[in-house]
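K.L.:
All chains should be built: construct the whole structure from the sequences, respecting the hints.
Protein chains: 2
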Amino acid sequence: MSRKPSKVKVIPLGGMQEIGKNMTVIEYKDEIIVIDSGLSFPEDEMLGIDIVIPDISYLIKNREKIKGIFLTHGHEDHIGALPYVLKKLDVPVYGAKLTIGLVEVKLKEHRLNNVSLNAIDPGDKIKTGNFEVEFIRVNHSIPDACALAITTGAGVIFHTGDFKIDYTPIDGKMMDFHRIAELGKKGVLLMMGESTNVERAGHTLSESLVGHTLDEIFSEADSRIIVATFASNLHRVQQIINAAHKNGRKVALSGRSMLNVVNVGTNLGYLDIPKDCFIELRDVNRYPDNEVVLITTGSQGEPLAALTRMASQEHRQIEIKQGDLVVFSAHPIPGNEKLVSRVINQLFERGAEVIYESLSEIHVSGHACQEELKLMHSLVKPKFFVPVHGEYRHLKQHMDLAIRLGMNPENTLTLTNGSVLELDKDSAKLAGKVSSGNILVDGLGVGDVGNIVLRDRKHLSEDGLMVVVVTISKSTGALVSGPDIISRGFVYVRESEDLMDKAKDVVKKSLESCESRNVREWSHLKNNIKDDLRNYLYEQTKRNPMILPIIMEA
Amino acid sequence: MSRKPSKVKVIPLGGMQEIGKNMTVIEYKDEIIVIDSGLSFPEDEMLGIDIVIPDISYLIKNREKIKGIFLTHGHEDHIGALPYVLKKLDVPVYGAKLTIGLVEVKLKEHRLNNVSLNAIDPGDKIKTGNFEVEFIRVNHSIPDACALAITTGAGVIFHTGDFKIDYTPIDGKMMDFHRIAELGKKGVLLMMGESTNVERAGHTLSESLVGHTLDEIFSEADSRIIVATFASNLHRVQQIINAAHKNGRKVALSGRSMLNVVNVGTNLGYLDIPKDCFIELRDVNRYPDNEVVLITTGSQGEPLAALTRMASQEHRQIEIKQGDLVVFSAHPIPGNEKLVSRVINQLFERGAEVIYESLSEIHVSGHACQEELKLMHSLVKPKFFVPVHGEYRHLKQHMDLAIRLGMNPENTLTLTNGSVLELDKDSAKLAGKVSSGNILVDGLGVGDVGNIVLRDRKHLSEDGLMVVVVTISKSTGALVSGPDIISRGFVYVRESEDLMDKAKDVVKKSLESCESRNVREWSHLKNNIKDDLRNYLYEQTKRNPMILPIIMEA
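Chains as they are written, first to last, in full-length UniProt numbering: chain P, 1 to 554; chain E, 1 to 554.
These are computed hints drawn from the structure, not numbers from a lab. Since we're looking at a predicted model, the values are computed, not measured. A portion of the hints provided could be inaccurate.
Same chains, same names: a pair is fine if it fits in one copy or spans any two.
[What the hints assert, rightly or not] Derived lysine to aspartate or glutamate pairs resembling DMTMM-like cross-links, with alpha carbons at most 20 Å apart:
{"id": "1", "residue 1": "K338", "residue 2": "D44"}
{"id": "2", "residue 1": "K502", "residue 2": "E512"}
{"id": "3", "residue 1": "K173", "residue 2": "D121"}
{"id": "4", "residue 1": "K88", "residue 2": "E31"}
{"id": "5", "residue 1": "K338", "residue 2": "E45"}
{"id": "6", "residue 1": "K65", "residue 2": "D55"}
{"id": "7", "residue 1": "K502", "residue 2": "D448"}
{"id": "8", "residue 1": "K458", "residue 2": "D50"}
{"id": "9", "residue 1": "K429", "residue 2": "E349"}
P.N.:
Given below as structure tokens:
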């Protein structure tokens with residue numbers, strides 16, 4: 001009797017529009033490993049929501065099987081949900097040194113202790129249960145980004161993580177072509193490849209290009225310089241520091257996450273800070289303008305970030321003044337364009353010079369464009385291919401790219417979050433779904449805001465509300481006092497007294513009509529009031545405020 | 001005694017972030033002409049608002065002086081506020097034939113009759129009072145776009161309107177270089193120049209390029225083709241029709257504005273429709289897939305537009321099916337990127353092929369890039385220059401461009417909406433402000449939603465609300481019934497009974513504390529309830545719902 005060889009299962013489990021962006025599950029022989037535990041930022045229609053994390057009920061149900069969480073890199077969309085996940089699951093976490101350093105800060109903020117955090121070096125292999133997980137260096141917009149090669153009895157799964165190819169990286173540490181080539185040669189069963197920039201032709205430029213541009217800008221400026229970028233882009237931060245130092249300027253940091261990340265980066269040796277280069281933000285005004293550079297958060301126009309507050313004159317320590325040179329060393333994330341533009345306008349209005357991407361080469365992407373993706377496919381030569389980290393449009397383009405490179409169309413397929421791909425050396429096929437989805441975090445509430453609450457928030461946001469209070473007689477059902485009307489977010493009440501008075505008449509008539517028909521049940525009364533008032537208000541204003549009738553008995 | 005010669009005043013009066021985009025006022029010798037009367041679409045934070053129109057209280061105050069409204073072209077941001085303006089002002093309107101045709105549709109929808117509408121031909125000069133207004137043909141993404149040259153005793157004001165330079169326009173009607181050159185030679189006092197694309201290097205491509213791309217795509221397709229574009233871009237619509245006809249396909253139109261505009265365009269002779277080319281949308285399914293093209297609205301992913309409804313399977317007549325080829329022949333307007341992306345994803349998921357701008361040249365801009373702007377400046381050679389139609393960042397770049405072309409920096413300046421520029425042949429200087437601003441239109445309400453209502457909508461949208469009803473004794477002030485609590489948009493109530501019960505306790509304690517301190521005034525009671533409940537809820541949830549206490553007496 002021959003026993004069938006086990007299959008390996010792959011389940012993208014987290015991400016909103018983007019498949020597998022925040023979390024992926026690999027399952028083999030009743031054991032599970034998890035890749036990444038990230039968060040997403042809410043869609044526009046998720047009103048009032050702070051962050052979105054993956055639904056991990058599948059992992060909770062299978063908690064005994066989980067051998068560990070393996071992190072590709074330290075960006076929020078890959079580690080941001082860890083505190084929430086680790087509150088539910090007691091499993092070890094593996095990641096490169098900087099990644100783990102950033103996780104530590106995060107867990108401390110959530111007062112989570114006793115987590116098994118394991119810092120590895122790229123190149124390390126972790127053997128756990130029936131898995132061997134190898135971390136392989138790639139380039140990205142944060143140091144220590146890794147692809148993962150996961151060896152199982154069914155074959156090797158290669159997950160690119162987020163990556164780009166940089167032939168002249170700032171830290172000299174290039175993607176590990178040789179190891180990837182070696183793996184490809186030995187045979188990879190499945191590649192999961194990121195798809196962020198699949199619509200962009202050509203090759204992403206090297207991070208070091210930005211250094212040259214910054215140096216050029218700094219050498220020509222004789223005013224104060226303020227550079228906004230992502231804190232986690234430590235290579236960028238290093239280059240700003242280098243350009244500042246070379247041009248005889250001190251550096252001050254602004255924004256909580258900038259201070260946090262630079263602190264971690266310095267302690268772990270990822271930043272090389274020249275002696276006496278850093279000064280305190282509060283001391284900036286004690287130096288001549290042409291001897292300082294500020295590195296700040298706010299490159300996305302985030303309303304509460306340091307640069308945004310400087311631009312709107314709400315920053316405690318720094319005020320934008322005539323001649324300041326502000327550099328946006330970042331690209332607006334889709335959806336943030338208007339926020340960024342608003343800050344740029346304000347900076348110009350205060351007399352600053354502003355340099356941003358459409359004017360100069362002061363940013364490069366962290367994600368592979370088409371030619372880089374082609375190289376990755378050609379090196380890994382997987383038997384099966386699943387595009388991940390993208391909206392469906394990107395996955396589709398990435399799948400087409402793989403097919404153009406010669407892959408058998410039957411061997412490439414797109415998944416959705418929660419769908420299970422079952423593989424062995426001959427086949428890859430869908431095998432059902434597990435529960436998955438988005439958990440909304442609002443304040444302290446994790447998952448207590450759902451569709452009903454969001455629908456109400458949307459309704460309230462568009463037309464406001466009207467509360468109608470009436471007291472009716474317990475014995476006769478007749479109106480004893482009221483109706484009183486309170487409205488918010490509907491019309492400017494002081495200028496709408498007439499409308500409000502008439503609305504009261506409508507409610508009165510509605511009650512009288514109920515009384516005459518001997519309708520006494522409260523739910524009926526309320527529905528009558530709602531219907532009559534809704535019709536009246538819509539007719540008068542073409543608006544539909546939420547109507548809340550409250551009936552008291554006396 | 002020598003009388004000082006009159007000065008001419010220029011006042012950008014409408015537009016949100018963009019200066020002078022929707023409306024501009026020119027004033028000379030106690031007479032006024034108005035350029036354009038457009039609308040803006042609401043900013044994200046203008047919750048529930050439909051459209052935004054300029055505050056015209058300055059015009060209403062000076063109604064006797066107004067000689068007419070002159071329209072540069074028929075886009076919504078230049079004619080969309082006309083119905084609102086014409087309800088307040090009885091003045092004649094002038095514009096090119098198509099512009100006036102589109103205005104007629106709009107006025108009919110608003111049941112506005114008896115407006116003096118005057119269709120001119122580009123090249124015409126209208127003499128009114130002390131003004132002579134000359135319409136000069138330019139190219140743009142709608143036919144019949146015009147620049148305006150306004151001759152006054154103080155000099156000529158040249159307003160570019162929205163424009164691009166197209167050497168191979170679809171209708172063969174190129175921008176009137178010769179007349180503009182002639183005006184420049186004679187001397188222009190002030191140029192007001194649009195700034196939309198000032199950040200883009202080079203030259204906008206010709207509309208005819210899109211025709212070639214469409215023809216190529218159509219000739220290779222053997223499935224159904226659906227093309228989304230702006231209805232008002234009649235040249236684009238014409239090219240889609242041409243490509244369809246050439247490739248043996250019938251054309252069906254979808255979307256109300258598409259039907260409206262194509263109807264106007266056809267009646268006025270702006271579209272050349274081959275015989276038997278059009279079919280009804282309901283008949284599309286009676287033709288083989290490779291014999292039809294649909295032209296549809298929805299290129300911006302607008303939630304209610306025809307293509308969006310097709311993609312989400314909510315369209316009554318058309319269902320997207322495997323193999324359909326959908327072409328987005330438009331660029332997402334800033335802020336619409338995510339809406340467009342969502343529709344693209346849905347189309348791919350239904351099995352359609354989708355072609356959009358990052359993949360192919362199926363759109364060109366209607367606005368001048370840097371090299372075109374330089375040509376315009378060089379032809380017009382104005383004494384003074386004011387950049388308009390842009391956010392401050394664009395105005396700043398446009399001013400810098402003018403200076404690089406040799407303009408005296410003192411002769412170029414940026415205005416804000418409402419600021420008055422006073423000019424004579426020697427000087428241009430700011431001379432105060434007139435009342436200006438944005439009037440929000442919500443349903444039938446024009447201007448009745450202001451900051452207070454918007455602030456409440458924002459509050460409600462983020463954390464919802466909680467209504468607290470208590471009845472207290474008229475004689476003792478003691479709690480007689482309640483507190484009752486109703487919440488919406490705050491938490492999912494069924495899963496938060498405990499929180500709600502404790503909230504009631506908080507309110508009870510708050511009232512007891514008032515009673516013991518003999519606090520009886522309702523406003524104090526309400527404030528106490530609000531404060532105590534707010535603190536409690538924030539502590540428990542880190543959320544701040546709007547709290548509405550209602551006190552009844554028994």
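K.L.:
Looking back at the numbered hints, which does the structure fail to meet, lowest number first?
P.N.:
none
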